[in-house]
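Please build the complex by placing chain B on the supplied structure of chain A, with the hints as guidance.
The primary structure of each chain is shown beneath.
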Amino acid sequence: MRINGRNHLAWSAGAIVSFSLLATTVGFADSKDNDAADAAKTESPIKHVIILIGENRGTDHTFGVYKPRGKHQTISNILSKGIVNEDGSPGANFPLAQQFLVAPQPAYYIGAPKKAKMAYHGNGQMPQPNTNGAPSAQGTASAPFTPAFLAEAQALDPSPDFTTNTDTILTTGFTNLATNSVDSRIPNAGVLPNGPYILQGPNISDDDYTGDTTHRFYQAWQQSDCSMANATKTNPTGCLNDLFPFVMATYDLGDNTVPAVQKNFSAGNSMGFYDAEQEQASLLKTLADRFALSDNFHQSFQGGTGANHFMFGTGDAAFWSDGNGNAITPPANEIANPNPVSGTTNKYIADNNFSNCSDFAQAGVAPIVSYLEALPYRPEPNCATAHYYMLDNTNPGFYPNGFRAPSPGAQNMIPASPVRTIGDALNDKKISWAYFGGSYNDAVALSNDAVTAGTAATQNSSTALGLAALADPAHSLGVAYCQICNPFQYATSIMGDPAQRTAHIKDTVDLLADIQAGTLPSVSIGKPDGLLDGHPQSSKIDLFEAYVQQVLDALEAHPKLKAETVVFVTWDEAGGYWDSGFIQPIDFFGDGPRIPLLTLSEYSTGGAVNHTYADHVSLLKFIERNWKLKPLTDRSRDNLPNPKMRDDQPYVPRNMPALSDLFDMFDFDHQVKQPFLE
Amino acid sequence: MSLCARAQSAPPEFSADIVSHDAAGTPGAVSKLRVANHKARIDPDDPSGGFFITDTEAGTAYFVKPTQRLFMDAGQSSLLSRIFVRVDPHDPCRQWQAAAIASGALSAGNWRCEQVGSAPADGIMEYRLLWPAQPLSRRWIDPHLEFPIKLQSPEGTSLMLENIRVEAQPANLFAIPADYRKLDPRALLERIKHSDVWAAPDR
Chain A
1 MRINGRNHLA
11 WSAGAIVSFS
21 LLATTVGFAD
31 SKDNDAADAA
41 KTESPIKHVI
51 ILIGENRGTD
61 HTFGVYKPRG
71 KHQTISNILS
81 KGIVNEDGSP
91 GANFPLAQQF
101 LVAPQPAYYI
111 GAPKKAKMAY
121 HGNGQMPQPN
131 TNGAPSAQGT
141 ASAPFTPAFL
151 AEAQALDPSP
161 DFTTNTDTIL
171 TTGFTNLATN
181 SVDSRIPNAG
191 VLPNGPYILQ
201 GPNISDDDYT
211 GDTTHRFYQA
221 WQQSDCSMAN
231 ATKTNPTGCL
241 NDLFPFVMAT
251 YDLGDNTVPA
261 VQKNFSAGNS
271 MGFYDAEQEQ
281 ASLLKTLADR
291 FALSDNFHQS
301 FQGGTGANHF
311 MFGTGDAAFW
321 SDGNGNAITP
331 PANEIANPNP
341 VSGTTNKYIA
351 DNNFSNCSDF
361 AQAGVAPIVS
371 YLEALPYRPE
381 PNCATAHYYM
391 LDNTNPGFYP
401 NGFRAPSPGA
411 QNMIPASPVR
421 TIGDALNDKK
431 ISWAYFGGSY
441 NDAVALSNDA
451 VTAGTAATQN
461 SSTALGLAAL
471 ADPAHSLGVA
481 YCQICNPFQY
491 ATSIMGDPAQ
501 RTAHIKDTVD
511 LLADIQAGTL
521 PSVSIGKPDG
531 LLDGHPQSSK
541 IDLFEAYVQQ
551 VLDALEAHPK
561 LKAETVVFVT
571 WDEAGGYWDS
581 GFIQPIDFFG
591 DGPRIPLLTL
601 SEYSTGGAVN
611 HTYADHVSLL
621 KFIERNWKLK
631 PLTDRSRDNL
641 PNPKMRDDQP
651 YVPRNMPALS
661 DLFDMFDFDH
671 QVKQPFLE
Chain B
1001 MSLCARAQSA
1011 PPEFSADIVS
1021 HDAAGTPGAV
1031 SKLRVANHKA
1041 RIDPDDPSGG
1051 FFITDTEAGT
1061 AYFVKPTQRL
1071 FMDAGQSSLL
1081 SRIFVRVDPH
1091 DPCRQWQAAA
1101 IASGALSAGN
1111 WRCEQVGSAP
1121 ADGIMEYRLL
1131 WPAQPLSRRW
1141 IDPHLEFPIK
1151 LQSPEGTSLM
1161 LENIRVEAQP
1171 ANLFAIPADY
1181 RKLDPRALLE
1191 RIKHSDVWAA
1201 PDR
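From first to last, the protein sequence lines are chains A and B.
Residue numbering for the first sequence follows the numbering used here, beginning at 1 and increasing consecutively.
Residue numbering for the second sequence follows the numbering used here, beginning at 1001 and increasing consecutively.
Bound conformation, chain A alone (with noise of 0.2 Å):
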């Protein structure tokens, strides 16, 4: 028996007795193991979640060449669409992709005028890869070390940042070039025409470091290029996601002087992709190929790191408060105003983290706002009167050892969140949980150190940990440890409460550590440090494979474990990278575009690629449905119904806005026993 989503069980008779008789009168809940988490009734055979999450990577990035080993499957990318062809250069459709620049408009737009818009022609128009920020040349301090650094090939001792999965990748990558310059190891970089790329050549592959993409909020929305002028049958909500260098290139671009000043790097680089047929991120593929991938999963929020995982944590998008629960204003230097500067092509005025949704007023609400209610479903905006959202990166206002900064506004850190949390909704039903952050001790140390230095009551967090990590190097690699990826350590419920904390925020050790002593929680989340988090100029793909991979072969080493847990293995958000896929606005604040979820189990195996539309949120309502819980809160997104689907157009939901609970990419009744990796 397939379990489907909760709609496909409304029109199923059948599949609802049945599921329910096994659900109510046998359960999940008959282990005979000592394992605590199955005690906990469950409405699948799953009992424990570890959901992995790396960073900034896109489906087509990483999946764009990918071909389904599952029988009859089929997957939405830019090989299937021929645009490009299996070896990665350009296919017959090309032009699909291609991307436009736009002249310059008197305010922010999300939906550029076609007046307005130029495809760029001729190779080497569009803008070019480039290197960016990421590392030229072997370091003997930090990544990538030198491989004396990690010469013999076992670690004394298991250790999640440097075992020898990570070891000898740590050691290469470098790009032997200037930072902010011309990617010249992609080949015919400066030439390349209007269109993506291949990340892949005699001098670049997924074990190289390459430079980063902005991805922010009202930049993202401006990439997707969303207006209902551009709608079709087959994309019914129009966004085009055709400019995506050409804000990259100028979002920053003071080109009201002479000569022009760019602040920004990013350039072309959205446009790179791997070819997952030629052995580029070959573990994920292999994952792929053996048990289930979405093709239709995207990030929750358009834009950054902090925003998506907060939406994963919630449902919902964090606001400016009084530390008590209660919106008030920022201070003026934390308000976007994304308008072009004058005399500028699209230098955002102020590039800054808040918004308040409610008011039309305020710069670059009411392009978005107008979209949303042009689309014929009509989305709320989900933006609460005098709410100022948090749209990009900002600390949270707890430090990691649960300090609270006496002083947030003046600190750049959002003062203590009211919203609720899954974790909380876990602690109401006594289901156990924890979040696992790469190099979460040594954080805790330096926030102590900075506690101590005084610099934690005046400085912006990463500041601090940063200051205090130059006098106690012991526990340096704190400054790893991502605090804005850690939904829970903006709560007050979470971080403001010691036990909380101390029973559900642990470090990657402990992760291993739970799998290894049968006692993991039943939801886990895991979060690698900013060294394996495969981030592009900062980690690698590759890096991010090994974290992974460490995981599973700890689960792997435990079969009673392993038959009863789902690992999902997703990302945070595209990380600024174009994709093709169609995206469902939901609310003021995303989806953005997609981005892959392998869905790991005993139960999703054969190779499947499921399209149901999903997002981050819909790894909430698996847990909330697997363990029966109710909905976040009345506003948050777990409410959405699951998709109606269509056989005509797959991956458009009948009912928008809606969310998939994930169920549908299991199969209950068909359990396979096979290894992770072959």
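Hints were generated in silico from the structure; no laboratory data involved.
Note that CB positions come from ideal geometry on N, CA and C, so glycine has one too.
Do not take every clue at face value.
Claimed, not checked - Calculated lysine to aspartate or glutamate pairs in the DMTMM-like style (CA-CA distance at most 25 Å, straight line): (1) A/K67 to A/E86; (2) B/K1193 to A/D252; (3) B/K1032 to A/D510.
Claimed, not checked - Non-contacting residues of chain A with respect to chain B, defined by C-beta distances greater than 12 Å in every case (computed): (4) F100; (5) P187; (6) G190; (7) V261; (8) L372; (9) A384; (10) R404; (11) N460; (12) G496; (13) D529.
Unchecked claim - Simulated DEER-style distance windows between Cβ atoms: (14) A/N230 to B/A1187: 44 to 52 Å; (15) A/P559 to B/G1028: 38 to 46 Å; (16) B/G1028 to A/G325: 31 to 39 Å; (17) B/A1187 to A/K673: 40 to 48 Å; (18) B/A1105 to A/A178: 51 to 59 Å; (19) A/G409 to B/T1060: 28 to 36 Å; (20) A/F174 to B/G1104: 24 to 32 Å; (21) A/N230 to B/R1186: 46 to 54 Å; (22) B/G1104 to A/N230: 57 to 65 Å; (23) B/R1186 to A/L96: 28 to 36 Å.
Frame of chain A, contents of chain B only:
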């Protein structure tokens, strides 16, 4: 054996536990100490893992992370590595001051360190220290071991050596393997600033 006789011979190698106590005397964290010649190794009770190696002859203090094949200047990472080192029992203040300055915890001047009393019957020598803008703290030295055996903070908390065992120590415990690399936190910081982990306004 007289104190004079002890002073003529090399100080013994030994191991001990460094036990922290709160102001009420309740024991807490336990770190492991090993001492040989001019070197000391401290394995602190710290979930981050690793150990300190100090060498008073070379004037170095490192923190070593075997799991990551790294070592780094100890800096101010631990008070233990600045205090629990071999000292001249008749002039420890000079070494303590130098260690504090080297770690960055103290700039020159405004430092007072002096022996309390003289020639106590049990041989244990007491020193009191006055740091800039801080109340008095006290330290005790065993002249036979040429090593501090107790530290008491102004608040009454203390660190004490317990389970002292005079015995030879394996030399390899005090050596950093040749393939370990020295980590510079500044370079690490620069790399991290290129990731989304860094969310300070200066990104």
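To see whether the hints hold, each was checked on the structure:
no.: 1; hint: A/K67 to A/E86; in the structure: holds, 9 Å
no.: 2; hint: B/K1193 to A/D252; in the structure: holds, 19 Å
no.: 3; hint: B/K1032 to A/D510; in the structure: holds, 23 Å
no.: 4; hint: F100; in the structure: holds, 27 Å
no.: 5; hint: P187; in the structure: holds, 24 Å
no.: 6; hint: G190; in the structure: holds, 23 Å
no.: 7; hint: V261; in the structure: holds, 18 Å
no.: 8; hint: L372; in the structure: holds, 27 Å
no.: 9; hint: A384; in the structure: holds, 24 Å
no.: 10; hint: R404; in the structure: holds, 17 Å
no.: 11; hint: N460; in the structure: violated, 4 Å
no.: 12; hint: G496; in the structure: holds, 20 Å
no.: 13; hint: D529; in the structure: violated, 7 Å
no.: 14; hint: A/N230 to B/A1187: 44 to 52 Å; in the structure: holds, 47 Å
no.: 15; hint: A/P559 to B/G1028: 38 to 46 Å; in the structure: holds, 40 Å
no.: 16; hint: B/G1028 to A/G325: 31 to 39 Å; in the structure: holds, 37 Å
no.: 17; hint: B/A1187 to A/K673: 40 to 48 Å; in the structure: holds, 46 Å
no.: 18; hint: B/A1105 to A/A178: 51 to 59 Å; in the structure: violated, 39 Å
no.: 19; hint: A/G409 to B/T1060: 28 to 36 Å; in the structure: violated, 43 Å
no.: 20; hint: A/F174 to B/G1104: 24 to 32 Å; in the structure: holds, 31 Å
no.: 21; hint: A/N230 to B/R1186: 46 to 54 Å; in the structure: holds, 48 Å
no.: 22; hint: B/G1104 to A/N230: 57 to 65 Å; in the structure: holds, 59 Å
no.: 23; hint: B/R1186 to A/L96: 28 to 36 Å; in the structure: violated, 46 Å
Violated hints, listed in ascending order, are 11, 13, 18, 19, 23; each of the other numbered hints is respected by the structure.
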